[in-house]
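Residues in the sequence shown are numbered consecutively from 1074, following our numbering.
Don't take each hint at face value.
Here are the computed distance ranges between Cβ atoms for each label pair [to be verified]:
| id | residue 1 | residue 2 | range |
| --- | --- | --- | --- |
| 1 | Asp1215 | Gly1167 | 29 to 37 Å |
| 2 | Met1159 | Gly1188 | 28 to 36 Å |
| 3 | Tyr1154 | Phe1220 | 22 to 30 Å |
| 4 | Ala1127 | Leu1162 | 19 to 27 Å |
| 5 | Met1200 | Glu1157 | 24 to 32 Å |
| 6 | Ile1168 | Leu1208 | 14 to 22 Å |
| 7 | Asp1124 | Ser1222 | 23 to 31 Å |
| 8 | Asp1217 | Leu1123 | 34 to 42 Å |
| 9 | Arg1226 | Gly1167 | 29 to 37 Å |
| 10 | Gln1155 | Asp1215 | 18 to 26 Å |
Calculated from the structure, these hints are not laboratory results.
On a predicted model such as this, the values are computed, not experimentally measured, just so you know.
For glycine and all other residues, C-beta sits at the position ideal for the given N, C-alpha and C.
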Amino acid sequence: MSPRTRTRNTIWRCYMPDRLFLKVWGHCYNPLTLHIDPSIHFQVRVEGPLDFAAIDMILDTGATLVTIPTSVANDLGYSLYQPENMQYLTTPSGIVHAPINTLISVEGLGVAATGIRAACIDMPGSMTFAGLLGLSFLRNFDVDLHFRSGVIRFNS
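Please take these sequences and the hints and turn them into a complete structure.
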């Protein structure tokens, strides 16, 4: 059976080497099961009004919003000076006043969602990732995380 003809109820198992971007033919399979790197570090595709970008992110269940770097937000066509909203956020570096915009789409870990609210902030220079894949994306799915076995499962 071709992967394109699988139904939504088929279990799709994917082995994800470190930092491989996985797009499953634009569909969300139910459930989608991935074997993940314990660093929870992934490449995520973000779409804006002008362009799209691939951003290195970590999965952060403690982050309320997805975050993207300010330079990427500008390149995608989002205004940092006239955003949809401004919000105070608590970060490891302290409290920041960040522009909030709604991303057209976010694709990562084999699933995609549209209309995702994101904070436009830069990570401290010592970080090995540029953004956080937070709850504004994850709350679109039922997510099971099994860190000891290195498995993440998405149910739509």
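Comparing the hints with the structure gives:
A hinted range of 29 to 37 Å for the beta carbons of Asp1215 and Gly1167 is consistent with their spacing of about 33 Å. The hinted window of 28 to 36 Å between Met1159 and Gly1188 is violated, with their beta carbons roughly 19 Å apart. Between Tyr1154 and Phe1220 the beta carbon distance is about 40 Å. The supplied range of 22 to 30 Å is therefore violated. At about 24 Å, the beta-carbon gap between Ala1127 and Leu1162 stays in the expected band of 19 to 27 Å.
Taken as a hint, the range 24 to 32 Å holds for the pair Met1200 and Glu1157, whose Cβ atoms sit roughly 26 Å apart. Under the hint 14 to 22 Å, the C-beta atoms of Ile1168 and Leu1208, about 19 Å apart, fit the expected range. Judged by the Cβ atoms, the range 23 to 31 Å given for Asp1124 and Ser1222 is violated: they are separated by roughly 37 Å. The hinted window of 34 to 42 Å between Asp1217 and Leu1123 holds, with their beta carbons roughly 35 Å apart.
For the pair Arg1226 and Gly1167, the beta carbons lie near 35 Å from each other, so the given range of 29 to 37 Å is met. Taken as a hint, the range 18 to 26 Å is violated for the pair Gln1155 and Asp1215, whose Cβ atoms sit roughly 36 Å apart.
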